[in-house]
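Protein chains in written order, with numbering that gives the first Met the number 0: chain U, 0 to 76; chain P, 0 to 131.
These aren't lab readings, by the way, just hints derived from the structure by calculation.
Any given hint could be a false lead.
Unchecked claim - Selected chain U positions facing chain P (Cβ under 10 Å, derived; list incomplete):
no., residue
1, Ala19
2, Gln27
3, Asn30
4, Pro39
5, Ser40
6, Pro42
7, Leu43
8, Ala48
9, Ala51
Ideal placement from N, C-alpha and C gives every residue a C-beta, glycine not left out.
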Amino acid sequence: MKNRLRVLRAEHNWSQADLAARLGVSRQTINAIETEKYDPSLPLAFKIARLAGLKTEDIFQLNEDEQKNDNVQGLRK
Amino acid sequence: MGKGHYQNQLRAALLMLGVGLFSGAVTVLSSWLLKHYELSKMSRFVVALLPVPAITVLFLVLIREVRSQDELVQRITLEALAFSFVGTGLTIVAWGFLQRAGFAPQEDWSGMWPIMVGLYLIGYFISCWRYR
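With the hints as extra help, turn the sequences into a complete structure.
Printed below as a string of structure tokens:
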């Protein structure tokens, strides 16, 4: 899953530690989400979106491969 | 996660260290009593199981700590536990095969604990490195 977290953080002038403190997670979690090594849980994704005043889909999007799989499964239904 | 979070983490680490040291001390005491004293059958039974309550408390503290972790750390812990579980299983199976072939002596299986902990630490560092 790709995300715009790093851009959003820069727009709001938050450090990774600031954002982690606001969300109640570790700085390592923020870094892993930004580098797309870790996909956040749904509650955390909603918390991030609420903090930024956006919808979750404005921040998190499926990669092209994941979207293709999604489309194939949609066709099978 | 501010100063309070790190204070909580330090408190949890100290609690685990304290409980771990206590359960280790009870285990050593139990082994020492069994080795150096001629005890009745019932007393031997009780002394042999003496470390179990202390180790149970250690398990409960560990589980409580894992449940209070942040979600990425929980993922890392889970991956480390899976690594340790599979690694320990493989070690036991390999040891069993070697025993059957006469290459390995009969071993005290409680000695598997250090292997399990060692594999957990290796798994933990591998997962931390993956999500760094």
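* **Those earlier numbered hints the structure runs against, lowest number first** => The structure breaks hints 8 and 9; every other hint is satisfied.
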